[in-house]
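*Asks:* Model the placement of chain B on the given structure of chain A, informed by the hints.
Number of protein chains: 2
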Amino acid sequence: MARVVVDVMLKPEILDPQGQAVAGALPRLGVTGVASVRVGKRIEIEFTGEPNLEQARQIADKLLANPVIEDFTVRVEESAEASR
Amino acid sequence: MARVVVDVMLKPEILDPQGQAVAGALPRLGVTGVASVRVGKRIEIEFTGEPNLEQARQIADKLLANPVIEDFTVRVEESAEASR
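Going down the list, the sequences are from chains A and B. Add 14 to the 1-based position in the first sequence for the numbering used here, that's all there is to it. Add 14 to the 1-based position in the second sequence for the numbering used here, that's all there is to it.
For reference, chain A alone in the conformation it holds in the complex:
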């Protein structure tokens, strides 16, 4: 089965309070040197046959992302089973 991965992130100019909360917690973990953290979504779509990027793009645009505040990228993940 072929897997298509859709990454949905807030646009760079949109405030990301969740990412800021993570960044603000890092000094308590002893982590320094982090400039910023952004939190988004990763969606894995398993197609039964050939992966259909055009269909995946349509799903992302209509269902997964809000195009007003979010950008998304769509790609085929080749060796999905091997990496997990």
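Bear in mind the hints are in silico, worked out from the structure with no lab data behind them. You can take every hint at face value.
The list treats identical chains as one, so a pair stands whether inside a single copy or across any two.
Heads up, simulated DMTMM-like pairs for lysine to aspartate or glutamate below, C-alpha to C-alpha not over 20 Å straight-line:
1. Lys76 / Glu58
2. Lys55 / Asp30
3. Lys76 / Glu60
4. Lys55 / Glu84
5. Lys25 / Glu91
6. Lys25 / Glu60
7. Lys25 / Glu84
8. Lys25 / Asp75
9. Lys76 / Asp21
10. Lys55 / Asp85
11. Lys55 / Glu91
12. Lys25 / Asp85
13. Lys55 / Asp75
14. Lys55 / Asp21
*Replies:* Then chain B, alone, in the frame of chain A:
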């Protein structure tokens, strides 16, 4: 600046109602041929200097993922500025 990407997904054996809801909505978009959908998180960490994978792994393990129900992968994203 170097960007490290952390992908956090529910373990394969854990039920993902959000992914199932997306999969259930696809026929209404006219999309068939999708076997399953899983929804997880993508976190982008910008380091001010060199990306520190070990530190990113520690952040993911302690702050971003719940290791009981979630798996995560950590990787350096090279051409971050170019792709967005």
